[in-house]
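Sequences listed follow chains U and F, in order. For the record, in the first sequence the residue sitting at position 195 is 195 according to the working numbering, with numbers rising by one throughout. Take any residue in the second sequence, note its place counting from 1, add 226, and you have its number in the working numbering.
Read the hints as simulated data drawn from the structure, not as lab findings. All residues carry an ideal CB built from backbone N, CA and C; glycine is no exception. Treat the hints loosely; a few may be bogus.
[To be verified] Where chain U lies over chain F, by a calculated footprint (3+ residues, C-beta under 8 Å): (1) 233-245; (2) 357-366; (3) 391-405; (4) 655-669.
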Amino acid sequence: MISYEVVMVTVAAAPVLCIIGAVLAYKVAGTPFAKRTTWDEAAELAGGAGRGPNPNNVKGVFAYLDDLMTAIDRVKKAGYTDFTVISPLPRHEIEDAIYEGKPSPVRWWTMAGGLVGGTGGFTLACLTSAVWPMALPGGKPVVSVPPFVIITFECTVLIGGLITLAAIIYHCRLPSFDLDVECMDPRYSSDHFGLVVHGLEGEKRDDVAKLLNDAGANEVAVAQEA
Amino acid sequence: MSAQPTYADVNKDIIRPLFKPTALWTIVFILDLLVLGFGVYCWSYQLEYGMGVAGYAPPVFWGVYITTFVFWVGIGHAGTLISAILYLFRARFRTGVYRASEAMTIFAVISAALFPMIHVGRLWYVFFLFPYPNQRLLWPNFKSPLLWDVFAINTYLTISAVFFFVGLIPDIASVRDSNRGIIKKVYNVLCLGWRGTDNQWRHYMAAYGFFAALCTPLVVSVHSVVSWDFAMAQTAGWHSTIFPPYFVAGAIFSGCAMVLTLLIPMQKLFKWDAYINVYHHESLAKLCMLTGLILTYAYGIEHFIAWYSDNPYEWGIFVDRISGNYDWVMWTMVLCNCTIPLVLWFKKVRTNLAALWVVSIFINIGMWFERYNIIASALAHQFDPGAWVFYKPSWVEIGILVGSFAWFFMWFLMFVKLMPSVAIAEIKEGLRPPLRSDEKEAA
Chain U
1 MISYEVVMVT VAAAPVLCII GAVLAYKVAG TPFAKRTTWD EAAELAGGAG
51 RGPNPNNVKG VFAYLDDLMT AIDRVKKAGY TDFTVISPLP RHEIEDAIYE
101 GKPSPVRWWT MAGGLVGGTG GFTLACLTSA VWPMALPGGK PVVSVPPFVI
151 ITFECTVLIG GLITLAAIIY HCRLPSFDLD VECMDPRYSS DHFGLVVHGL
201 EGEKRDDVAK LLNDAGANEV AVAQEA
Chain F
227 MSAQPTYADV NKDIIRPLFK PTALWTIVFI LDLLVLGFGV YCWSYQLEYG
277 MGVAGYAPPV FWGVYITTFV FWVGIGHAGT LISAILYLFR ARFRTGVYRA
327 SEAMTIFAVI SAALFPMIHV GRLWYVFFLF PYPNQRLLWP NFKSPLLWDV
377 FAINTYLTIS AVFFFVGLIP DIASVRDSNR GIIKKVYNVL CLGWRGTDNQ
427 WRHYMAAYGF FAALCTPLVV SVHSVVSWDF AMAQTAGWHS TIFPPYFVAG
477 AIFSGCAMVL TLLIPMQKLF KWDAYINVYH HESLAKLCML TGLILTYAYG
527 IEHFIAWYSD NPYEWGIFVD RISGNYDWVM WTMVLCNCTI PLVLWFKKVR
577 TNLAALWVVS IFINIGMWFE RYNIIASALA HQFDPGAWVF YKPSWVEIGI
627 LVGSFAWFFM WFLMFVKLMP SVAIAEIKEG LRPPLRSDEK EAA
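Sequences and hints are given; from them, build the entire structure.
Put into structure tokens, the structure is as follows:
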């Protein structure tokens with residue numbers, strides 16, 4: 001009979017080993033797992049909300065999606081890469097324009113979570129049955145695969161889902177209470193789109209402001225330098 | 227309102243009913259709490275005096291509680307079906323109805339989760355159901371369908387709740403931006419400071435797709451596992467291989483009916499005709515038609531196989547169901563689930579909201595009776611004629627049953643006043659975006 005300690009150590013070790021394996025596979029595959037986006041860097045540099053407008057930001061508010069797309073295109077062509085687009089709904093054209101078809105790494109989290117959950121669930125069912133062999137209804141074997149497939153499936157979905165939630169929180173940088181105030185206009189969750197260009201100094205601010213105006217922005221805001 | 231609402235209209239219309247309790251809402255909520263109070267009293271009475279106050283008649287120890295547990299799990303089926311499976315299939319009618327359906331799912335599963343606790347009697351030992359390390363080296367039996375059920379229901383509740391919350395995040399942000407003061411602060415915390423940046427939407431949409439993919443097999447699995455609570459037992463009337471598809475079809479049938487029961491009054495009360503209308507209700511009615519037919523076929527084949535098996539015990543159960551002590555349960559079930567839904571074949575009925583609402587109520591009633599028919603009548607008529615009994619629910623069981631409805635509606639009533647019941651961001655996805663080129667053309 002397997003001792004209690006062996007069961008507990010194995011149950012605890014199985015998911016940990018799976019996580020290590022998944023992360024190693026990740027690194028080997030060269031997926032940009034922890035690459036920070038320009039938005040993250042901008043938010044970090046800005047020092048967060050509640051400190052007034054950031055003089056290095058230029059904000060454009062757009063009522064029309066096609067104007068916004070024109071502005072994104074012109075900002076990119078002008079060589080500015082550090083900008084944030086804010087919208088009340090997900091639009092594929094915005095994502096394609098900024099990320100150029102590069103998929104979100106969330107999928108790796110989901111896969112890793114599913115693998116950890118599945119192996120953990122199956123291991124739990126096998127080892128607890130091994131340590132408690134009196135439970136033999138119907139003369140089934142100690143490790144009876146068909147009923148354990150159900151536990152494996154449920155744990156795959158459970159841990160896969162929870163890890164996907166963790167992925168959203170990590171990659172979306174939630175909770176995001178410290179964004180630049182330029183990204184926090186209440187109109188963005190209703191019927192306007194925003195384009196905030198970060199890290200601008202001197203004349204570049206005026207250039208970007210003109211560029212956004214020309215693209216059709218309803219409002220362009222440039223904070224005064226202290 | 228114009229033919230197509232603007233993005234601002236969507237925010238305004240959907241957020242408008244929040245936080246302002248109307249007289250009707252207040253009266254209904256107070257009445258609901260009174261009924262819930264009676265249910266709580268009944269449960270506390272049972273905790274005080276023991277399971278003897280339930281109407282159990284040995285060998286019938288599964289009665290109203292397990293019936294109602296299965297009923298609520300079934301109701302909880304439609305929400306995730308609509309939000310996950312129909313999302314993957316890109317069904318257009320999903321957008322208007324999925325948020326309320328998901329909420330219904332969560333509250334139905336919370337209601338279902340009460341019943342194992344009520345059923346075990348000694349509530350304080352309910353944690354024995356879970357595998358946890360203990361010095362007695364005791365572990366639950368992973369070969370038991372009851373433990374599969376613990377895992378299935380808890381996984382379903384957790385993942386459905388996560389999917390529901392994730393879907394709500396951008397809409398809670400919209401509520402935050404439409405309010406001031408304490409509401410703004412609270413909703414800012416609830417949406418985790420969501421702003422809808424390109425980075426956030428990118429990962430959010432990827433994750434949402436994966437949630438839908440994870441939830442899809444879960445929808446099918448959860449009621450299959452519930453059906454194995456019965457089908458795995460060597461009990462005449464239960465031991466049948468058709469139970470998983472039969473239960474899943476029944477769950478979708480009852481879940482869609484409950485969505486209709488809840489959404490038709492909501493549409494009328496909140497004047498949401500631009501977002502929920504006859505198109506959505508008719509689509510749900512068609513789902514009811516399909517699953518109702520599958521269910522009717524399952525009833526028929528179940529009886530046929532019992533007869534064809536030439537097993538006197540098996541056939542005895544079915545004869546007893548048709549003409550024995552529980553015949554009225556069986557015929558109520560057939561009337562409500564097989565006969566009355568046939569009117570949905572007429573487009574006039576499917577597009578008449580009052581008629582549809584009445585049919586949905588009959589389906590809800592019929593589906594509760596279906597579970598009662600499966601559970602009570604089978605246990606009361608097992609192999610040994612000396613053990614044949616007539617199980618009749620006690621007032622305590624009826625009180626707890628009614629209380630569970632009040633519990634469910636309490637959550638739903640709070641939900642419609644605190645959260646957007648229609649998905650704001652997704653409704654906008656279905657609209658043509660504001661384009662300057664359109665303005666120029668119109669000019």
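Status of each hint after checking the structure:
1. 233-245: holds (count 3)
2. 357-366: Three-residue rule met by the region 357-366 of chain F, so holds; n is 6.
3. 391-405: Check passed, 7 qualifying residues.
4. 655-669: holds (count 7)
Every hint, counting from the list given before, is met by this structure.
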